[in-house]
Amino acid sequence: MRETGAWLIAGLGLLLLGLSVLRRGLQALTGTWAARRLEALDGRPLSALIAGGAVTAALQSSSAATIFLVGAAGAGLLRLEAAMPAVLGANVGSAVTLGVFALPLDRAWAPLLALAGGLALLPRRTPRAIGAALAGLLGALFGLRALGRAAAAVGAPVTAAMAEHPLRAFVAGVVLTAILQSSTVAGGLSAAWLAAGQADLQAATAFLLGANVGTTLDTAAAGLLSPREGRLVAAWHVAVNAVGAVLFLPAVDLLARAAATAPSPLAAVAAVQFWFNALSAAAFFPLMNPAARLLRAVDRRLFPPRA
1 MRETGAWLIA GLGLLLLGLS VLRRGLQALT GTWAARRLEA LDGRPLSALI AGGAVTAALQ
61 SSSAATIFLV GAAGAGLLRL EAAMPAVLGA NVGSAVTLGV FALPLDRAWA PLLALAGGLA
121 LLPRRTPRAI GAALAGLLGA LFGLRALGRA AAAVGAPVTA AMAEHPLRAF VAGVVLTAIL
181 QSSTVAGGLS AAWLAAGQAD LQAATAFLLG ANVGTTLDTA AAGLLSPREG RLVAAWHVAV
241 NAVGAVLFLP AVDLLARAAA TAPSPLAAVA AVQFWFNALS AAAFFPLMNP AARLLRAVDR
301 RLFPPRA
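Here the sequence shown is numbered in the numbering used here, starting from 1 and rising by one per residue.
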């Protein structure tokens, strides 16, 4: 049991540290591109959706992207109507991280690690940033491997409850992701349970739907501390993920079948994440204008302007 606990702590630590290093490396590469790009997208919803996905893929964190949008809106740089499609795109882009982790890099770890170390020693900023991003990716991959070893050992009680009903798997996804504040970690756990045969794809899919709700907690907290426009962007993110997850919960079998042909458990998890968020974005995209009016009306009722 102690060995399992050590693997669990080491896996979580390596994964979160790797993601942090990866994110910082990519941020150094992108610079202020994200801010400049999104500020220019007011009135161009399709372009904003694509840019939101690209920013999330670059930052390797949908939470970082949505919190950025909340902050930009709160600072008066973005209107709610401009941020709404970018939030949808950020959700779709969240599948990129899991997709990258699903790449077959097992035999390339040693040369890639040597390459990352060599790049980090170079004097120029761009090669160092690439080296940091690569080192972060490899660290996160090692963390996922360790996490999978631990999850296979301690996951039996959770997966047994998940297997009984999709709603239990959904609630487990909400709670665990709200605690861990990383949908990537939740995806890694579900992939580990799949690989160990402790959960089927239907239970893992319901768990991932819950994870998409749990991951909104940090955005909601940022929104509560923001001025009105930032608060509205956070409310939109929570509403899209929560309503979308509840609506798709009865269609767990369909989502699972769409990912059933994936070559690995991580690839299956990435496919579920992509299809859920892509279909959810397609459903909410034409509803953005009435949703914006509704959000503003509810916000005025809950937080009336001071006279």
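Calculated directly from the structure, the hints in this document are not laboratory data.
Heads up, a few of these hints could be off.
[To be verified] Derived DEER-like restraints, expressed as beta-carbon distance ranges:
#, residue 1, residue 2, range
1, Ala260, Arg293, 37 to 43 Å
2, Ile179, Thr126, 34 to 40 Å
3, Arg306, Gly118, 42 to 48 Å
4, Arg293, His165, 24 to 30 Å
5, Arg306, Asp200, 51 to 57 Å
6, Leu287, Arg124, 20 to 26 Å
7, Val175, Leu254, 44 to 50 Å
8, Ala75, Leu217, 29 to 35 Å
9, Leu294, Thr126, 26 to 32 Å
10, Ile179, Leu225, 16 to 22 Å
11, Arg44, Ala221, 25 to 31 Å
Note that the coordinates shown come from a computational prediction; the quantities given were computed from them, not determined experimentally.
Glycine residues also receive a C-beta, built at the ideal position from the N, C-alpha and C atoms.
Hint check results:
Under the hint 37 to 43 Å, the C-beta atoms of Ala260 and Arg293, about 40 Å apart, fit the expected range. In this structure the hint that Ile179 and Thr126 lie 34 to 40 Å apart at CB holds, the actual value being about 37 Å. Range check, Arg306 to Gly118: about 58 Å between beta-carbon atoms, so the 42 to 48 Å window is missed. As the Cβ distance of Arg293 to His165 is approximately 37 Å, the hint placing it in 24 to 30 Å is violated.
Between Arg306 and Asp200 the CB atoms are about 53 Å apart, so this pair conforms to the stated range of 51 to 57 Å. Distance hint for Leu287 and Arg124: a CB-CB separation of about 47 Å, inconsistent with the stated range 20 to 26 Å. Between Val175 and Leu254 the C-beta distance comes to about 25 Å, which lies outside the given range of 44 to 50 Å. In this structure, Ala75 and Leu217 break the distance hint of 29 to 35 Å, their C-beta atoms being roughly 22 Å apart.
Between Leu294 and Thr126 the Cβ separation comes to about 45 Å, which falls outside the hinted range of 26 to 32 Å. Here the CB-CB span from Ile179 to Leu225 is close to 21 Å, well matched to the stated 16 to 22 Å. For the pair Arg44 and Ala221, the supplied restraint of 25 to 31 Å holds, since their beta-carbon distance comes to about 29 Å.
In this structure, the earlier hints numbered 3, 4, 6, 7, 8, 9 are contradicted, and the remaining ones agree with it.
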